[in-house]
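Novice: Protein chains in written order, with the working numbering: chain A, 84 to 635; chain B, 36 to 347; chain C, 3 to 185.
Hints listed in this document are in silico derivations from the structure and should not be mistaken for laboratory results. Treat the hints with care, since some could be wrong.
[Claimed, not checked] Each pair of labels, with its calculated beta carbon distance range: (1) C/173 - A/632: 43 to 51 Å; (2) C/23 - A/205: 27 to 35 Å; (3) B/316 - A/147: 20 to 28 Å.
All C-beta atoms in this analysis are idealised placements derived from N, C-alpha and C, irrespective of residue type, glycine included.
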Amino acid sequence: MSLFIDIPEDDDQLPALNTGRGKLIWISSVDHKQLGIMYLWLALFFFLIGGIEAMIIRAQLASADNDLISPELYNQIFTMHGTTMIFLALMPALIGLATYLLPLMIGANEMAFPRLNAFSFWMTCMGGFLMYFSFFSGGAPDAGWFNYAPLSENNYSSTAGVDYYLVGLILTGMGSIGAGLNFVTTVLTLRSPQMKLNMLPLFAWMIFINGFLLLAAFPLLNAGLFMMLIDRQFDAHFFIPSTGGSAILWQHFFWAFGHPEVYILALPAFGIISEVIPVFSRKPIFGYKFIAASTVAIALLAFGVWIHHMFAAGMSNTVNGFFAASSMLIGIPTGIKVINWIGTMYKGSIRMTVSMMFTMAFLIDFTIGGLSGASFAIVPIDWQLTDTYYVVAHIHYVFLGGTAFGIFAGIFYWFPKISGRHLSEKLGKWHLWLFVLGFNMTFLLQHVLGILGMPRRVYTYPVDLSYWEVLNLISSLGAIFMFAGIAAFLWNIYVTLKKPRQADDNPWEAWTLEWATTSPPQLQNFTSLPPVHSRRPLWDLKHPDNPDKKLN
Amino acid sequence: MLMIKNFTSIFWTNTDASTNQLYTYFGIAAGCILFLVIFFTYYFSKKYRAKQPDELPEQKEINHKFELFILILAICITAFFLIMSINTMQQIQDIPENPKPDLVITGHQWWWEAKYPQSGVLTANEIHIPVGKRILLEVNSADVIHSWWVPALGRKIDMIPGLKNYIWLYADKPREYLGACSEFCGIEHARMRIRVVADTEEDFKKWTESQLEPVITQATPLFDKGKALFEQKTCTNCHGINGTPFSENIGPNLTHFGSRKRFLSDMKPVTRENLKEWLTNPQNVKPGVKMPNFIFNPDEIEALTEYIYNLK
Amino acid sequence: MKDKGKLLVLFLIASEAFFFIALIIAYVYYRNFTNATDTVAANLDAMRTGIFTLFLVGSSVTLIFGKRALKKGNNQTFKLFMALTILLGAVFMVGQITEYIGLYHKQITLNKDVFGSSFFTLTGFHGLHVILGIIALSILFGVSFTKMKPVTLAGIEGVDTYWHFVDVVWIFVFYFVYITPLL
Ligand code: HEA
Ligand code: HEA
Ligand code: CUA
Ligand SMILES: [Cu+2]
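Only chain A is shown next, with the shape it has when bound in the complex (with noise of 0.2 Å):
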């Protein structure tokens, strides 16, 4: 038996690395890793931008009555914000990561449309910076990330703002059906010939069902976004009640695909910790069967809880009652993987590396935002609580503390792949003790605040409510300490970058496929493979007296 097998692939469709077009090549790039990096540094750039427009919303709001900025200044910032994070820092980190590791992992050379995925990428980046070039034009969108009519239309809004959030949202979503594409034709069609469908990395295996969630809920905010860019440009009708649109109807197409699109930003991150996890654990995942089931079960759930967003909105107790049921419902497949990943570390031996720490922070910090997120599901703790500063908890405790911190622990793991070179540990640990403590700091108490009653997006708020404002200023020195973790990132990757490239072809002894090449990757990917029999085909290598069991 040959230890390794040739892999089959067309290789005619790769572009030449060294064509002496120097830094061009970027740009004309169809490479799966090339395009993967460049949605990385997109997605730090616009980090850093909403970063800033966060620390700016804290400035203002770190004291009462304070008038840093005007108030229309801030509905742009905390609207842009909100947009940013989402649409152009963790989408693209998540969908960059994928784009670079999911031919690795199922050992294959490319996507499987190369076109197409620069195409997504490009869409992308032009979306995000038509975006942002509404600041230049009168002003940027002010409708809340959520954009509801009839706030959004033209009797109410009448900067370009939100019309560039449209165009910018409508290409980026195009992007993102381009990527959902590219992801299930190539997990479908490119995988090494012996790996079955059982036994795709969990990761591959949760952007193999995020794809289905991108091509199902983009279209449909699409579909919004035409409706509201057909309202204010040639004066249809759609979502302004005063001549016989209704309001209502934006928020069933916007949360139709919003809870979706939460899922969209959870799954790869859940499939981050699933491949950190037990690699750190140095012991198989627990219970893939039911991390990988469960995640069809959530994306599934995830198309049929959309009204939790509108409890408020006045519908009947039955309407109300169901969603609230399939809400409580989603939080069993989630609270079934968070148990196996505490499991996969059980008897396990432990490597305490930055990116498992990562992962702990994670662990935690996503069960309190799951938590509240339950709680929203109980409808009358909703008809209390919704859109107060309850909600902007729950929103950052599943955003940050769940995906940005998977994607903190899949920049740690996967960098010495991906650059050749190890990030500092020692660095870092500050970026990791510094967020994790400010963000706690941040958002803990928020929960508070939204329980006394402070509403979101607020400009300001009055003096004489107590705790409001020692709260809130607590709340505001938080984000100071996540500033300083964040620098501390950032002079980690310029430092390391720096270096020589030293990183070995499987530093963390890993057992997926991504880990059997050269760190960095050549411009194809592999020329051989070892064979695929389990879930850990490297494992198999390594320890060919106790391989996993054969699943082919």
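Position chains B and C with the ligands relative to chain A; hints supplied.
Specialist: This is chains B and C with the ligands only, laid out in the frame that chain A set:
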């Protein structure tokens, strides 16, 4: 203890006991789950820390019984809370088939219009209700989506243009209740706060009667000058005053303005100084507000203030 | 791996289906869940559009025949059927454009009311897809005069699926916009 009391007295007294009960139960359940997650994450990370770098544990994968146990437990917890919440929902939100509201609130950018269909009172921003009685509230909006939320009086409800929504309000003590608009509605969403005054049955009756009285026609020259200015400077295009031909409601109804304690959606106390400041330039006081700056001279301000302040 | 192009088109149209479902839902929502009266339906001629619908369905049929001919290696017949398909598609578009003009003369436009908005958005986006389909078919038609490369064949597979999809979408649109008001 003191702190907790303070919390509740300032804002958060939930008169509706079943929601409070839900909070408590959920708090306990979530607290336990969270504790277990934190405990095991921390404990495992200490206990199973690798001693040597190349140590390899047993490659064990799964325990089906355990997964099943978790699944069933989670389903039980979920079912419990589902039943609880549906019960509570039906208690809170039992709106009759053909609702006859006691109070109709219309949200405007950024103020509240209040109508009492039973008595015919029409006022704005300072809202009175009788204590110890369930009040059926109808809400709607004149422009964008707002949301009515006075936590101590009941649930939150969105005010959606083109739709009518209903909830119950209940105040158990005669005092003032604070709330805020809870759906983002534009520039001054932050300043769209609510103050509800719960009166005893008697006081409420008195208040209603006083609201129904015709406006005072005090005959000081300054007052008359103010009145003339009010009509001549197009104020009446937006503001209505009962008992006069003017009934527009683009801005708050000013009939008994002088009897209110605070104005501009609970932003400022009603004093002559504040009123003057407001009339001098509304955009300075509440930037973005839908009332133009008229650029009056001080005499005119004096007269207008005299007039509006004395509308009692 | 050979048919990944077809797979792509399948997923793409699945995604597009969600887009059209959303647009159809808007139309149905305004008609059935608001108390506005449908001002457009009364001015539509279901009979006339029904006939043009037959042209579009016909184009799907000719495309099937065309593909069959191609599989048999009968290039001449294939080209004939391709031409026919494009022609039928174009006739459908002409029908839609004249319908628009007619409505315009009756003062029914995009900004008249929600039904105007909804009608023109829905049929307009569908028309856009038909036009895209016609362009794609025309390109393939043009290319089929040169030597048939594997890429062309894969292209035909994809465009074929897409064209049937556009056709099916129209049948739903036709049902919800033209037929249900008559029921
Ligand atoms: C990554 C993103 C993400 C994720 C994963 C979630 C997860 C969940 N969310 Fe959240 N949500 C958002 C992002 C996310 N949310 C955003 C952005 C908003 C606000 C949008 C806006 O208004 O701007 C929002 C708002 C939001 C609302 C509306 C609030 C409002 O505006 O009134 C609701 C209501 O039900 C809700 C519910 C839930 C539920 C039930 C989950 C569940 O999936 C959580 C499941 C997880 C757990 C429950 C924890 C782990 C489980 C266990 C340890 C097992 C045991 C637990 C039980 C049996 C209960 N979310
Ligand atoms: C998706 C992810 C995401 C992320 C990562 C964040 C990150 C942060 N968010 Fe945000 N947030 C949202 C998503 C996110 N947010 C959403 C969806 C909303 C709702 C919007 C809406 O209502 O429409 C929201 C709203 C929101 C609010 C409520 C606003 C309001 O309702 O009025 C607040 C207030 O505190 C806040 C704060 C923060 C803070 C302090 C961070 C911090 O964690 C940020 C940390 C990052 C940094 C501090 C960057 C550091 C930068 C540097 C080191 C720069 C170096 C300089 C150069 C290179 C030039 N966010
Ligand atoms: Cu009205 Cu917010
Ligand atoms: Cu949701």
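Novice: Each of the hints needs a verdict: does it hold here or not?
Specialist: A quick look at each hint next to the structure:
no.	hint	result
1	C/173 - A/632: 43 to 51 Å	50 Å, holds
2	C/23 - A/205: 27 to 35 Å	28 Å, holds
3	B/316 - A/147: 20 to 28 Å	23 Å, holds
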